[in-house]
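Peer 1: Line by line, the protein sequences give chains E and V. Be aware that the first sequence starts at 1, since it is given in our numbering, and climbs by one per residue. Be aware that the second sequence starts at 1001, since it is given in our numbering, and climbs by one per residue.
Because the hints were derived from the structure by calculation, they are not lab data. Note that beta-carbon positions come from the ideal geometry of N, C-alpha and C, so glycine has one too. Any given hint could turn out to be false.
Beyond 10 Å from chain V on every Cβ pair, some chain E residues (computed) [said to hold, decoys possible]: (1) Arg54; (2) Ala99; (3) Leu143.
Anything over 12 Å on all C-beta distances counts as not near chain V; from chain E, calculated [unchecked claim]: (4) Leu38; (5) Gly46; (6) Lys57; (7) Lys123; (8) Leu153.
Calculated lysine to aspartate or glutamate pairs in the DMTMM-like style (CA-CA distance at most 25 Å, straight line) [to be verified]: (9) E:Lys57 x V:Asp1045; (10) E:Lys57 x V:Glu1037; (11) V:Lys1042 x E:Asp102; (12) V:Lys1086 x E:Glu134; (13) E:Lys56 x V:Asp1070; (14) E:Lys81 x V:Asp1040; (15) E:Lys56 x V:Asp1045; (16) V:Lys1027 x E:Glu130; (17) E:Lys117 x V:Asp1040; (18) E:Lys57 x V:Asp1063; (19) E:Lys123 x V:Glu1028; (20) V:Lys1002 x E:Glu119; (21) E:Lys136 x E:Asp155; (22) E:Lys52 x V:Asp1070; (23) E:Lys49 x V:Asp1063; (24) V:Lys1032 x E:Asp155; (25) E:Lys108 x V:Asp1070; (26) V:Lys1027 x V:Glu1037; (27) E:Lys123 x V:Asp1063; (28) E:Lys117 x V:Glu1081; (29) E:Lys117 x V:Glu1037; (30) E:Lys56 x V:Asp1040; (31) V:Lys1027 x E:Asp120; (32) E:Lys52 x V:Asp1040; (33) E:Lys123 x V:Asp1070; (34) E:Lys123 x V:Glu1081; (35) E:Lys136 x V:Glu1037; (36) V:Lys1042 x E:Glu119; (37) E:Lys57 x V:Glu1028; (38) V:Lys1062 x E:Asp102; (39) E:Lys123 x V:Glu1037.
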Amino acid sequence: MGDSSMKDRSLFREELIFLDIPFRTSSEVLDYASAELLKLGYVREGFNKAVKLREKKYPTGLPYALYNIAIPHTDPEYIIKPFIAVVRPAAEVPFVQMATADTVLGVKLIFVLGLNKGEDQIKALQALIETFLEGKVSQGFLLAKDAKECMDLLDVIQKSIRD
Amino acid sequence: MKRFIVACNNGVATSQTIASKVQNLLKERGVKNVVVEAVDIKSIDTYLSRAHAYIAVIAPSKDYGIPLIDGVSFLTGMNQEVELQKLIDIAKN
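One chain only, chain V, in its complex shape (with noise of 0.2 Å):
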């Protein structure tokens, strides 16, 4: 099981949306090894060790040792299926 974190500042409106959006796109490429949570911004450190990504909608102040996926791309489209992608590969390995 591939655990993908989505994270804002309190992990109520666009980090659930990504998550869920993330979670249905991976459903429909066939991936279902995967569970895609909305944590809060606050409490990342303790999600980081369990996750296999980090799909991040505000700037990223630091390097969190797993991989960075743009959420923002959920949101707008744009470059959207390049980050997909990115999330399917690290799913499959």
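Chain E extracted, bound-state conformation (with noise of 0.2 Å):
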């Protein structure tokens, strides 16, 4: 369709698509995501640390029927633009279970989130959450090749959106 300016509104961006590389641990893989988001001017100093504290205090870690995910993220103060940075690391990467102390979930897909309290955000949120429970494009995301296969399949939660 060509609307750019739907596309600068979505939180997905093929920047911050990182497929495959291994990490060991949860802070592993939010160093990484935090060191690209800084330096692409999505957050400021001090996510990092933010980040991780509440994945710890807080955990994220969700199960679903196709594969285990991971939300995390911190308060809007660090937040400069608005996004959702995807994770797929080469292996399951251990997380915490959300609402629970120690239940240890292997996730397959993590999703950094960069919110602040737009109402368009929560619907991204509630959006991507569907598409989950549901199960669509779940499938896809482990099989696909690269950014820009990852950035169709967003459209289409990106699309829902809209509704």
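Make one complex out of these two single chains by using the hints.
Peer 2: This is the structure:
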């Protein structure tokens, strides 16, 4: 459709999709993503420390039928430009399940959320969650060859937010 | 009017998503006399006295004195129907 203003409002960006990097721990995932986000101007200094601290205190691992995901995030004050970054590690990374003290999940896909209070952003997170709940495109994320293919899948989610 | 609260660290992402979802699910089931609010965990005590259920997305640190609902079920779909029914029952009483 070529509506570039819609793309500008999209939280998903090709430059924020990181595929097949080996990480051993959730901290390594967050260190990597934070460095990229800082470099590309999406977050402020302090984001990395804050997101790791929050993940430790309020873990974000979520189990779904096909595979587990995590949605680490932190306070809006660290966000310069809203985003949702996607990390698909080379192998499962352990994250603690949300609302538990120590239930560990092997996570295949991490969505680092950079949301502030905008209504659109809450809708985006809801659309993302619904997508996983319904099992749509889930398999696609595991099989996507590159960031561009992921963006096509994410467009499906982005479009459902417009409704 | 019944009030249900969802609390997380800054009331932005997860708790708002769940609050919105629960509100929609209840509306779909014809339950209208309910307000579902996302609040910051730091101010939860002020909200508890006027709430009829607490939908948790973080491990509870104490007994809140009101029914505790598993908020994560609304994100994963696992057990969602059971937790939703608990809220419907509270709303209808």
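Peer 1: Let me make sure I understand: some of the numbered hints might not hold for this structure. Which ones are they, in numerical order?
Peer 2: Hints 1, 2, 6, 7, 23, 24, 27, 28, 35 and 37 contradicted; others consistent.
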